[in-house]
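> Let the sequences and hints guide you as you build the complete structure.
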Amino acid sequence: MASLVLGRLLLGAVTLLVASLLVFAGTQALPGDVTTAILGNEATPETRAALVERLGLDRPIHVQYFEWAGRFLRGDLGLSLVNDVPVSRLLDLRLKNTFILALATIIVVVPLSLFLGLLCAAYPNGRLDSSISVVSLFLISLPEFLVGIILVLLFAVYWSVLPATSISGFRSFEHLVRALVLPVLTLTFAILAHMVRMTRAAMLEVMRAPYIEMALLKGASRSRIVLRHALPNALGPIINVIALNLGYLISGVVVVEVIFAYPGLGKLLVEAIGNRDLPLLQAVALIMVAAYIVFTLLADIVARLSNPRLRFKQ
Amino acid sequence: MAIDQGISRRSFNAALAGAGATAAAPWGLARAQAQAQTPRRGGRLVCAFNDGASEVLDPARTKGQNGIGRCCLLYSRLVDMSPQGQPVPGLAESWEPNAAADTWTFKLRRGVQFHNGKTMTTKDVVWTLERVLDAKTASSGRALLADIAEIKATDDHTLELKLKQADADFPVVLTAYQAMILPEGHSDFLAPIGTGPFMHSLHQPGIRSVFKRHPNYWKSGRPYVDEVESFAIADPVARINALLAGEINAMITVEPKQVERVKSNRNCAIVTTTGPRHYVHGVRCDTAPYDKVDVRLALKHAIDRERYRRLVLGDYAIVANDLPILPSNPYYNKDLPQRAYDPDKVKFHLRKAGEENTEFELHISSAHVDGATVYADMARQAGLKLKLTRYPAENYLDVAWMKKPFIISGWFGRPTVALALQVAYVSQASWNETFWKRPEFDRLVADARKTLDQAKRRDLFFEAQRMLWEDGGAMIPVFENWIDATSSKVKGIEPHAFGALGFYYWDGAWVDA
Chain A
662 MASLVLGRLL
672 LGAVTLLVAS
682 LLVFAGTQAL
692 PGDVTTAILG
702 NEATPETRAA
712 LVERLGLDRP
722 IHVQYFEWAG
732 RFLRGDLGLS
742 LVNDVPVSRL
752 LDLRLKNTFI
762 LALATIIVVV
772 PLSLFLGLLC
782 AAYPNGRLDS
792 SISVVSLFLI
802 SLPEFLVGII
812 LVLLFAVYWS
822 VLPATSISGF
832 RSFEHLVRAL
842 VLPVLTLTFA
852 ILAHMVRMTR
862 AAMLEVMRAP
872 YIEMALLKGA
882 SRSRIVLRHA
892 LPNALGPIIN
902 VIALNLGYLI
912 SGVVVVEVIF
922 AYPGLGKLLV
932 EAIGNRDLPL
942 LQAVALIMVA
952 AYIVFTLLAD
962 IVARLSNPRL
972 RFKQ
Chain B
816 MAIDQGISRR
826 SFNAALAGAG
836 ATAAAPWGLA
846 RAQAQAQTPR
856 RGGRLVCAFN
866 DGASEVLDPA
876 RTKGQNGIGR
886 CCLLYSRLVD
896 MSPQGQPVPG
906 LAESWEPNAA
916 ADTWTFKLRR
926 GVQFHNGKTM
936 TTKDVVWTLE
946 RVLDAKTASS
956 GRALLADIAE
966 IKATDDHTLE
976 LKLKQADADF
986 PVVLTAYQAM
996 ILPEGHSDFL
1006 APIGTGPFMH
1016 SLHQPGIRSV
1026 FKRHPNYWKS
1036 GRPYVDEVES
1046 FAIADPVARI
1056 NALLAGEINA
1066 MITVEPKQVE
1076 RVKSNRNCAI
1086 VTTTGPRHYV
1096 HGVRCDTAPY
1106 DKVDVRLALK
1116 HAIDRERYRR
1126 LVLGDYAIVA
1136 NDLPILPSNP
1146 YYNKDLPQRA
1156 YDPDKVKFHL
1166 RKAGEENTEF
1176 ELHISSAHVD
1186 GATVYADMAR
1196 QAGLKLKLTR
1206 YPAENYLDVA
1216 WMKKPFIISG
1226 WFGRPTVALA
1236 LQVAYVSQAS
1246 WNETFWKRPE
1256 FDRLVADARK
1266 TLDQAKRRDL
1276 FFEAQRMLWE
1286 DGGAMIPVFE
1296 NWIDATSSKV
1306 KGIEPHAFGA
1316 LGFYYWDGAW
1326 VDA
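Protein chains in written order, with my numbering: chain A, 662 to 975; chain B, 816 to 1328.
It is worth saying that the hints were derived from the structure and are not from the lab. Yeah, the Cβ is synthetic: ideal placement off N, Cα and C, and Gly gets one too. Check each hint, because a few of them may be wrong.
Quick look at which bits of chain B chain A covers, simulated, 3 or more residues with Cβ under 8 Å [unchecked claim]: (1) 1011-1022; (2) 1027-1040.
Examples of chain A residues toward chain B, derived with CB under 10 Å [unchecked claim]: (3) Ala711; (4) Leu751; (5) Ile920.
What follows is a set of in silico ranges between Cβ atoms, one per label pair, in the way DEER data are often shown [unchecked claim]: (6) B:Asp1286 <-> A:Val679: 55 to 61 Å; (7) A:Asp737 <-> B:Asp1130: 53 to 59 Å; (8) B:Ser1002 <-> A:Arg709: 18 to 24 Å; (9) A:Val675 <-> B:Lys1027: 34 to 40 Å; (10) A:Glu835 <-> B:Thr973: 52 to 58 Å.
Take a look at the structure:
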């Protein structure tokens, strides 16, 4: 087990290194120029040169990379070129907000999708199974911006029961909870089907195994078969799909953040690209990569722990 | 048709917008009545901006509406701009040129207090202006103030500015937001200090900022509201939703097609006025076939401006006459006839140029699509073939602007005729996007600039505009309104020709109970 974790950590570190190279190369290849982004076209060649020197952009690329990577390892993320404040300060609040949104969504979506997925697997191909599948697939087929805007129109503009945007809600806990309802609902619609289908498929796979038939013949109840005999063996893929969606929630919810004006990481990334704010962009991109790596690593470990055969054999 | 990324980049930096305003009549009337009420003290203003591009609270280096708007709350300028575009006293209570108009003396207001209680003197002003002019500051305002040769404090309240060349309009230059006054030596912009109506209370870059009332503001009794909160909601639909749902009570930039949504809600009001914002459809006069004046005239006659105005901007615009100056400006050449849609003239000029079958290629950004499509269609009906080539808005300025022979560029306009012509139409202008070079025109503008005699100035400016109108490479169809919105409870924001929501002069804003 320890060697597995160690091996996975090492692999994760290598992935992160490769990702950092790609991120750095990608940001260098962006068309446009940070001096234009900062100074506008009002810039004279002279002010431009002064700025390039101040930012250290006149040195060779590999020197810039190693310096950046070195500082990054020491926890110094640099100064945002456009906002003139430490990147860590910008990240601090945004990262927290993103985690709040991801966590709230996971708390809603995991129990819900497990419940629905198990229900489908317990009564496969029945009326219940088909309706759950149809509804969840319908919801996933609607793009997030449509769902989000319809929810805002109904709940905020017509009925005035919930806020239309989240940004104004960061004043108190009660505000925050109300502000989270609609974004969480939108995200739930977006990932519910994925997780329900995965749970259902993993369960049905296990349910076809001979030992389940055995349990059935012994007269075990349906709920006991599903929860006690089948679920533990189906947990691996389910945990993996949760981890995958958690990674998505950390890095890929730009659209929802834009619709609800939610100050999270996704929008920060988009703004950083628009502004050619390279230190900020690099930090956000690496954090997103790291989130994916950490979550899949955790998922692997948990999946192994949940499976006695994997836990002891190797 | 929104002002695209590229345009805002350039014109925000300019901050000096056009001149003169003709307030939209019915709305202006309603506002006038609202202002007749007695302002109420207290309440909060919660404003959503349209971008979070830069949230730097350093006036010399900020940009974008969010940054400029917040700086307008925190700081004051030596010279303010009236809603119609005239320079009016700000921190300087009066000014006077010498006979040659190349040295200007400014008298500072006495007893103005910074947020930290310090009294403002010429020391602060000199430090501020020198900081903007210092190349190390990398301020976009440096180019704007470049004419200043020497800054001298005669005493604590008298300032003398020597210019490199005479400028009869010089005070307008000091209305640039980059030249807002800071206390000497203070450059911590996470704890900003100014003389503006509101002081810093909370600043979470990229999230939100809160400002509270400055009790010792230099306009006594003002400001009226206790607190201003501001943040960016970049998505135009989300911004309007927040206003309709009552979460915010002010917002900037309503797209023309969204105006009806706001109007249909009784708790919300549109704030709009004519401004000098315009799109230049510009050709390079040094490149064939656009080097022929007949081709340029054909392009200028191939658009029905009145219909364009209605179709693209839903009436929130006025027709323009290929000049970058608002018709309400006293130096605007009214003698030139309005250029009209005329298929016969289009065909005549194309035949004369020998370009009847040429397909002209207009290079546009994805932000220009609505307007350009309408123009291309009108041109086609007049017998002029116009092909549109699209670029992403993000790098339009880098790949197309001033490179391709036929482009569209957006301008917020300039407050004076001299600046409007100098910035893009004289031969040596760094943004001479039409590559139109006429030494005689340059001479007219330069002479007018230093002429203090109004009648003589008018003649020189009229002649320069006539040259540009007859020969220049810019087709300017309309001037677009500023369209913003507030809750109907918010009063006292007077629409301003040069900026969104009263150009952020919010010391007179108040919230009705």
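> Hints first: check each against the structure and report whether it holds.
Status of each hint after checking the structure:
1. 1011-1022: holds (count 4)
2. 1027-1040: violated (count 0)
3. Ala711: Since chain B brings a Cβ to about 5 Å from A:Ala711, closer than 10 Å, the hint holds.
4. Leu751: holds (5 Å)
5. Ile920: holds (6 Å)
6. B:Asp1286 <-> A:Val679: 55 to 61 Å: Between B:Asp1286 and A:Val679, where Cβ atoms are some 59 Å apart, the hint holds.
7. A:Asp737 <-> B:Asp1130: 53 to 59 Å: With a Cβ separation near 54 Å, A:Asp737 and B:Asp1130 satisfy 53 to 59 Å, so the hint holds.
8. B:Ser1002 <-> A:Arg709: 18 to 24 Å: holds (21 Å)
9. A:Val675 <-> B:Lys1027: 34 to 40 Å: The hint (34 to 40 Å, Cβ to Cβ) is violated, given that A:Val675 and B:Lys1027 are roughly 51 Å apart.
10. A:Glu835 <-> B:Thr973: 52 to 58 Å: holds (55 Å)
The structure is inconsistent with the numbered hints 2 and 9, although it conforms to all the rest.
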